[in-house]
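**Student:** First residue of the sequence shown: 2, per the working numbering; consecutive thereafter.
These aren't lab readings, by the way, just hints derived from the structure by calculation. The beta carbon of each residue, even a glycine, is placed where N, CA and C say it ideally should be. It cannot be assumed that every hint is accurate.
Ranges between beta-carbon positions, derived for each pair [unchecked claim]:
no. : residue 1 : residue 2 : range
1   : ASP113    : HIS318    : 18 to 24 Å
2   : VAL541    : GLY312    : 53 to 59 Å
3   : ARG570    : GLY461    : 27 to 33 Å
4   : VAL716    : GLU155    : 53 to 59 Å
5   : GLU256    : LEU676    : 40 to 46 Å
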Amino acid sequence: MVEKRMNSLVKWTLILFVVFSIILNFVLIGLYHGRALKCSTQRVHPLRAKHDERSLVFADLTREEHLQVQQYMLKQKDLQISTNQITKPSQNFLLLIDLSVPKKAEVLAYLDGKGAKPVREASVVVHYGTKGHIKEYLVGPLPNPTYLKDVTREKYHMDIPIVSRMVTIGEYVLMFKFFEEEVFNKLSVLMRESFGVGASQELNAFEQMPRGVRTGDRKTWVSFFRDMSGMYIHPVGFEVLLNHESLNASRWTVERLMYNGKYFDSVAELERAYDSGAVKKIVYRESLDYGSLKPRNRPLQIGPQQFYADGKRYSVHHNQVLYLDWSFAFGLSVLTGMRVFDVRFKGERIVYELSVQEAMSVYGSVTPGMIITKFMDSSIGIGRFAHELVRGVDCPYEATYIDTYRYIDLPRPARFRNSICVFEHNMGQPLRRHFSDFFHHSYGGMANSALVFRTITAIGNYDYMWDFIFYQSGSVEAKVHATGYISSSYLIDGSLRHGHQVAHNVLGNIHTHFINFKVDLDVVGLQNVFQTKDMEFVNVSLPWMPDHHAMVPQLVEKQLKTEQEAAMRHDTKTPRYLHIASKQTNIWGHQRSYRLQVYSFAGDPLPESQAEELAMSWARYKVAITKHKDSEQTSSSVYNQNGIWSPAVDFSKFIEDNENIEDQDLVAWVTAGFLHIPHAEDIPNTVTVGNGGGVLLRPHNYFNEDPSIHSADSVYFAPGSEESCESNRMACLTQDSCSPVLQPFTYNGFEGVMKFKDSA
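Based on the sequences and whatever the hints tell you, model everything.
**Tutor:** In structure tokens form, the structure reads like this:
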């Protein structure tokens, strides 16, 4: 009987379990019904072109190639070079290994199937502390190098003195040790009472440049800041002028000091003045952590995200990107940063090289370091500071991320994960559209989806976001946005002439940002001309009323003949349309061209009367056009900062010979930027909004019509066909298997159109 009851209980238990499972399944089906599957990033439609291995001619050096070059250099025993990161300035140090881009003619012959593959070589920089100079070498061929060639004089037409060298980690170690032993320890009471320096507090150093006031100087004003988040906006009012001209650190000296706006000739003099009360003392107090980027409120939501409904429409293979009708090769120079080559639209080369050249800032102040500060970032390496990008913040979450390898001031090549990102982006406004209200009622439009190629470089206090953007209209944009921390100084008498107060005793110093881009356009080949177009009003008589006149705008076109004629200075009126044009015409008889449209809010360039100006002479010009030369590869140099009075590269010499630029291979050097007057909203961090500049390369009579009209992204419908998917993919979006839960596409706009007849 008990056994029978047990069997019955088991039977009913199983029945109830089955019923519960069925009900649960129905509930789950109901809950998840209508939910789309997770969108796949796999490509749905095939690419329009195939990847080409020839793009590798522009590829950055691999880790293995870096190591091969390093080992080859170390085998040259007569050079006696070190790769130790704390090598002293008096010794020989292998500073840098980077790709040497081959000559343009050789590359074009190879890319176009008319020549052999160019020899792959590396550029190598060695600091010869034992000899008092710097050398640059070409090392090749890669892989497995067998030769090195000294190209210093060939490249710069001068010897590079050791005083022009970059400050290396080894020299910084000696500088910090010097300050600890010769300044902080000897001013221990002042350090404790004024700045809280002791067991738990310390000061951080931030050097100013240039290092002196004349050729041969290596005297650096070093400002000190609290060791806090965003140290750059926590100045303490203490600066030291270090003379480190000697390669022997034991001979370094303190030349001057500034404490609370007063100058002293020695550490001992400052100590005596402080102890005797002859100087107004800075009294230490704890500072608010206003430089922290930690959110003031707990984040509760994730912002809008984008997804690829039909998979990614671009592809990255090796160093080449394919996107719809676009293709280009890419690289990241250690010194100058992001660059792309062989940019083609519908298979036709438009740009041979588009690259960042320099980022420069000039500061105003009454404090000693910043009063002469002129930063040129390629002198420490722009690409060097491209660190890993944060997924979902620096770039969209689903972007493609690319690693890079670098060798600069390191004992071995280093991998920088995810330091470049590529993504297709809806720019948030239509590329074009028209709602036809008068007659022929219809709507036609197209979302502005473009490909973005990005890296971000954090160079000291500033973060620069570099974007190259490829639009479906055939346009290419190169732009930069600045963020990060402003550079500040301690507030003393007279400071407010040079900025605004942004925190307690903190001045945000006025400064300029100038960015230089190299734009090597090849418009339907290499024989191009430079044209300008603008407007003027002319007084014309009306054909139907000859005695009545009207001022009518008229097109004004010019073709400039020489480099000096085509150098557009910031302080002169520049024609609004600047074109690199071909001799070929479109079907309407107009020369096929690309327009350089510069957008910038730059301040004034440094006056040419200043000795330092030659090192940044490219900043004189909004746009300068030169005849292409392989010997004029970059507008600045790694040596220009510390050899600023005798620069290794003086851009003004590029146009000094005033060569003919008609029917030539032309290069445009474009300068954009912004004037930054810091304000309270720069605390804690400068935002990217409004802080940037760039250049847009736009087709102008290059095509016979807007090429985006052929894009599959185009949308068109007329009354009655609003929900048809035939010419409107938006109407089908809710049917895509991977779409999130979306509202169905609806449109009622035609209800309000103008009617020119009685609708009763």
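**Student:** Look at each hint and say if it fits the structure.
**Tutor:** To see whether the hints hold, each was checked on the structure:
1. The given range of 18 to 24 Å is respected by ASP113 and HIS318, whose C-beta atoms sit roughly 20 Å from each other.
2. Between VAL541 and GLY312 the beta carbons are some 57 Å apart, a value that agrees with the proposed interval 53 to 59 Å.
3. A hinted range of 27 to 33 Å holds for the C-beta pair ARG570 and GLY461, which are about 30 Å apart.
4. Checked against the given bound of 53 to 59 Å, the beta carbons of VAL716 and GLU155, roughly 56 Å apart, stay inside it.
5. A C-beta distance of roughly 32 Å is found between GLU256 and LEU676, which places it outside the suggested range of 40 to 46 Å.
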